[in-house]
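> Okay, here's what each chain looks like letter by letter:
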Amino acid sequence: MALATEPFILNIGPAHPSTHGVFRMRTTLDGEVIVDVEPVFGYLHRGIEKLCERRTYKKNIPLTDRLDYVSAINNNWPYVLAVEQLAGIQVPPRAEYLRVIMSELQRIASHLLAIGSVMNDMGIFFTAFMYMFREREKIIDLLEMVTGQRLLYNYMRFGGVSQDIPTEFLPALAKFLKVMPGYLDEYDQMLAENEILLSRMKGIGILKPQTAIGASTSGPVLRGSGIKWDLRKAAPYSVYDKLEFDVPTGANGDCYDRYRVRMEEMRQSLRIIQQAVEQMPAGKFQGRVPLRIRPPAGEAYAQIESPRGMLGCYLVSDGSELPYRCHFRAPAFLNLTVLRELLIGQKLADAIVIFGSIDISMGEVDR
Amino acid sequence: MGILMSTLPPDWPGNFWWHLLVLTLLLIGFLMTSVIIFIWMERRVIARFQIRLGPNRVGPFGLLQPFADVVKILTKEDIIPSRADKIIFWLAPAVAFVPVLMILAVIPLMGGLALADLNIGVIYIVAVSSVTAIGIFMSGFASNNKYSLIGAMREVAQLISYEIPMLLALASTVIMAGSLAVSGIVAAQSIPFILVQPLGFVIFLVATLAEINRTPFDLVEADSELTAGFNTEYSGMKWAVLYLVEYSEAVIGSVLITTFFLGGWRGPFLPPIIWFTVKVFASFFFILWIRSTMPRLRIDQSMALAWKGLLPLALLNLFITGVKVVFWPALSPWIAIPAYVFVTVLLVLLWSRLLRTRRPALGS
Numbered sequence: 001m002a003l004a005t006e007p008f009i010l011n012i013g014p015a016h017p018s019t020h021g022v023f024r025m026r027t028t029l030d031g032e033v034i035v036d037v038e039p040v041f042g043y044l045h046r047g048i049e050k051l052c053e054r055r056t057y058k059k060n061i062p063l064t065d066r067l068d069y070v071s072a073i074n075n076n077w078p079y080v081l082a083v084e085q086l087a088g089i090q091v092p093p094r095a096e097y098l099r100v101i102m103s104e105l106q107r108i109a110s111h112l113l114a115i116g117s118v119m120n121d122m123g124i125f126f127t128a129f130m131y132m133f134r135e136r137e138k139i140i141d142l143l144e145m146v147t148g149q150r151l152l153y154n155y156m157r158f159g160g161v162s163q164d165i166p167t168e169f170l171p172a173l174a175k176f177l178k179v180m181p182g183y184l185d186e187y188d189q190m191l192a193e194n195e196i197l198l199s200r201m202k203g204i205g206i207l208k209p210q211t212a213i214g215a216s217t218s219g220p221v222l223r224g225s226g227i228k229w230d231l232r233k234a235a236p237y238s239v240y241d242k243l244e245f246d247v248p249t250g251a252n253g254d255c256y257d258r259y260r261v262r263m264e265e266m267r268q269s270l271r272i273i274q275q276a277v278e279q280m281p282a283g284k285f286q287g288r289v290p291l292r293i294r295p296p297a298g299e300a301y302a303q304i305e306s307p308r309g310m311l312g313c314y315l316v317s318d319g320s321e322l323p324y325r326c327h328f329r330a331p332a333f334l335n336l337t338v339l340r341e342l343l344i345g346q347k348l349a350d351a352i353v354i355f356g357s358i359d360i361s362m363g364e365v366d367r
Numbered sequence: 001m002g003i004l005m006s007t008l009p010p011d012w013p014g015n016f017w018w019h020l021l022v023l024t025l026l027l028i029g030f031l032m033t034s035v036i037i038f039i040w041m042e043r044r045v046i047a048r049f050q051i052r053l054g055p056n057r058v059g060p061f062g063l064l065q066p067f068a069d070v071v072k073i074l075t076k077e078d079i080i081p082s083r084a085d086k087i088i089f090w091l092a093p094a095v096a097f098v099p100v101l102m103i104l105a106v107i108p109l110m111g112g113l114a115l116a117d118l119n120i121g122v123i124y125i126v127a128v129s130s131v132t133a134i135g136i137f138m139s140g141f142a143s144n145n146k147y148s149l150i151g152a153m154r155e156v157a158q159l160i161s162y163e164i165p166m167l168l169a170l171a172s173t174v175i176m177a178g179s180l181a182v183s184g185i186v187a188a189q190s191i192p193f194i195l196v197q198p199l200g201f202v203i204f205l206v207a208t209l210a211e212i213n214r215t216p217f218d219l220v221e222a223d224s225e226l227t228a229g230f231n232t233e234y235s236g237m238k239w240a241v242l243y244l245v246e247y248s249e250a251v252i253g254s255v256l257i258t259t260f261f262l263g264g265w266r267g268p269f270l271p272p273i274i275w276f277t278v279k280v281f282a283s284f285f286f287i288l289w290i291r292s293t294m295p296r297l298r299i300d301q302s303m304a305l306a307w308k309g310l311l312p313l314a315l316l317n318l319f320i321t322g323v324k325v326v327f328w329p330a331l332s333p334w335i336a337i338p339a340y341v342f343v344t345v346l347l348v349l350l351w352s353r354l355l356r357t358r359r360p361a362l363g364s
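Chains as they are written, first to last, in the working numbering: chain G, 1 to 367; chain B, 1 to 364.
Do not take every clue at face value.
Here are the simulated lysine to any residue pairs, SDA-like style, with alpha carbons at most 25 Å apart [stated by the list, open to error]:
#: 1; chain 1: G; residue 1: Lys347; chain 2: B; residue 2: Gly309
#: 2; chain 1: B; residue 1: Lys146; chain 2: G; residue 2: Gln275
#: 3; chain 1: B; residue 1: Lys308; chain 2: G; residue 2: Gln268
#: 4; chain 1: G; residue 1: Lys347; chain 2: B; residue 2: Val343
#: 5; chain 1: G; residue 1: Lys347; chain 2: B; residue 2: Asn144
#: 6; chain 1: G; residue 1: Lys58; chain 2: G; residue 2: Arg24
#: 7; chain 1: G; residue 1: Lys138; chain 2: B; residue 2: Lys72
#: 8; chain 1: G; residue 1: Lys202; chain 2: G; residue 2: Gly345
#: 9; chain 1: G; residue 1: Lys228; chain 2: G; residue 2: Gln275
#: 10; chain 1: G; residue 1: Lys347; chain 2: B; residue 2: Arg52
#: 11; chain 1: B; residue 1: Lys72; chain 2: G; residue 2: Gln275
Just so you know, the hints here were simulated from the structure itself, not pulled from any lab data. As the structure is a prediction and not an experimental result, all values here were calculated from the model.
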């Protein structure tokens with residue numbers, strides 16, 4: 001006797017422990033197998049792009065912090081770059097190095113959170129998460145030392161940064177750079193060869209290179225599929241052309257490769273910080289900036305490599321004190337567009353891991 | 001009746017019913033106290049694994065934290081979903097809890113101290129322990145919640161699969177002991193069975209973890225996938241009973257590991273009940289260790305482990321044990337133990353080779 005079965009619809013989210021914010025997956029399940037997925041966005045929409053049009057250029061910087069709140073400094077950068085392009089503001093070299101150091105620290109912190117929460121989704125009851133937070137705490141302490149904030153730093157300014165580093169920062173940073181490689185090795189020891197972790201991540205959620213390019217994904221999701229595309233190498237901004245680092249890529253494009261790429265990127269970030277500290281010149285941390293910024297009418301597009309991918313800012317100026325239009329190219333949003341292809345045919349438990357390995361933050365997706 | 005009478009100490013002052021009542025209260029007290037300490041221990045130990053402190057405000061070392069939790073739970077609103085099957089929803093926590101209590105009846109806490117020393121104790125334990133699954137399935141099914149339903153289906157599938165290797169592992173201890181009575185199995189462990197049955201121990205441990213829904217087999221409540229699994233819709237005191245079931249199962253799992261493989265109440269110098277308690281807590285510590293380090297398996301991987309991994313190993317173990325008992329019944333433990341350990345390591349390595357995932361090249 002054949003049993004009659006019928007697929008049923010399961011709403012994962014918007015309030016679900018593993019959706020990393022308020023995201024909703026409307027999944028159609030056949031038992032445990034996913035037949036169809038419909039991602040539903042917009043629960044965290046705050047209208048940041050529209051808000052930007054009603055504030056002066058300077059007042060918009062704190063708003064960009066709120067895009068991707070786990071890597072706030074990286075989110076300041078494209079906006080600041082775009083305004084500098086529009087208004088023709090020069091940035092002193094010391095400020096460029098400060099920007100690089102701070103945003104690479106932020107990248108490590110963001111990747112730690114990403115990996116920690118994937119492990120949590122996989123069911124390591126918060127242990128990996130807490131270990132990663134131990135190091136993230138050190139980074140946040142460093143950032144707090146400079147900016148006075150612990151989550152939304154509001155650090156970058158047009159033509160520089162908000163403040164120079166205090167004297168105790170560099171010794172503390174040197175200490176961090178010394179211990180961090182050991183901690184990364186510790187994670188590898190505990191996680192990289194774990195049999196259950198391998199069976200849950202290897203060959204799961206394979207993103208083909210063509211699909212990855214076609215969907216315009218970027219960041220670790222793209223590099224996990226084996227495509228060597230990193231804006232810091234491909235179109236170097238700031239002082240990245242003077243720094244030496246590798247772009248790690250994966251081979252298969254599965255969840256495990258995305259996790260490995262993030263681990264390696266943290267090591268490369270440490271290298272970048274080390275070199276930046278050595279090369280950093282003395283001098284001013286803030287260029288000459290007019291008190292009221294009225295860029296000439298025109299448009300500018302600037303993009304950087306954020307922890308989640310190519311983060312761009314498109315600005316249109318009409319010559320007034322307020323931007324006419326401000327648009328953000330959010331990498332997390334574009335990376336999410338491949339979700340449906342990755343999930344169909346997988347098990348429910350895999351869906352959570354795949355979703356976590358894409359590493360989104362809803363603040364950026366919904367804006 | 002005769003069996004029950006035979007468990008009486010010869011100088012017992014009262015009559016039979018007093019014996020029954022006192023032992024029942026003793027066992028319930030043992031279970032409840034263990035549950036309270038287990039809850040406290042789980043939070044403190046896992047906190048230490050996670051470089052945290054854990055609860056340390058209520059009472060010395062946070063020991064009164066479980067009581068504070070119970071008071072909190074009692075003040076919570078008890079919600080029954082409007083579309084739930086109310087009778088089954090109400091019954092489920094009780095159905096899940098009673099069998100757990102019933103298992104304790106046949107466990108000897110010390111020599112001769114068991115509520116009912118059945119001569120088919122092993123079969124009784126296996127039979128009764130499966131009833132808990134019905135309770136959990138009822139709770140998931142009656143909630144009328146899709147997460148609960150998936151959790152409940154996983155529970156049934158997993159329990160049926162792991163029952164078989166568990167029973168086969170127990171069968172080899174029965175062969176070694178030559179007795180189906182739990183007290184007989186404990187009596188046969190002048191050397192704990194963990195040494196002369198290492199493979200059986202590994203299989204039994206894994207199967208027990210699956211039966212009591214502990215990591216890496218906590219698919220039933222898989223909090224990152226199914227929010228809370230079968231108990232998603234439960235709140236207030238009914239949730240507390242399900243929570244009690246979960247920890248009672250952990251107690252029972254530790255008790256069974258202790259009784260069948262760690263020598264039960266036997267041990268030198270200290271009183272038997274102390275040995276028993278220490279072993280139970282050591283087993284639970286091991287379960288916590290696994291919980292705080294291992295990711296969760298997927299349901300198909302969990303099934304594959306049961307049918308492709310544990311079942312053949314358990315059959316092989318049964319065969320090896322049988323050969324040993326038939327052909328070399330009086331083999332010296334100095335030869336038998338190294339031989340068993342060698343065979344176990346060999347077989348486990350071979351099986352993990354067969355079942356493991358393809359290795360990645362590190363540092364790509």
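> All hints are to be evaluated individually against the structure, with a verdict given for each.
Cross-check of the supplied hints:
In summary, the hint linking G/Lys347 to B/Gly309 is supported, as the alpha carbons are separated by about 21 Å, within the 25 Å threshold. Annotation: proposed proximity of B/Lys146 to G/Gln275 is violated, straight-line Cα distance about 53 Å (limit 25 Å). About 42 Å separates the Cα atoms of B/Lys308 and G/Gln268, which puts this hinted pair outside 25 Å; it is violated. Proposed proximity of G/Lys347 and B/Val343 is contradicted: the alpha carbons are some 36 Å apart, above 25 Å.
For a cut-off of 25 Å, the pair hint linking G/Lys347 to B/Asn144 stands: about 22 Å separates their Cα positions. Using a Cα cut-off of 25 Å, the hinted pair G/Lys58 and G/Arg24 is violated, with the two alpha carbons roughly 34 Å apart. Proximity of G/Lys138 to B/Lys72 is assessed by CA-CA distance (about 35 Å); at most 25 Å being required, the pair is judged violated. The hinted pair formed by G/Lys202 and G/Gly345 meets the criterion: a straight-line CA distance of about 16 Å does not exceed 25 Å.
Distance hint between G/Lys228 and G/Gln275 is fulfilled; the C-alpha atoms sit about 22 Å from each other, no more than 25 Å. Using a Cα cut-off of 25 Å, the hinted pair G/Lys347 and B/Arg52 is violated, with the two alpha carbons roughly 33 Å apart. In summary, the hint linking B/Lys72 to G/Gln275 is not supported, as the alpha carbons are separated by about 54 Å, beyond the 25 Å threshold.
The structure fails hints 2, 3, 4, 6, 7, 10 and 11 (numbered hints given earlier, in ascending order).
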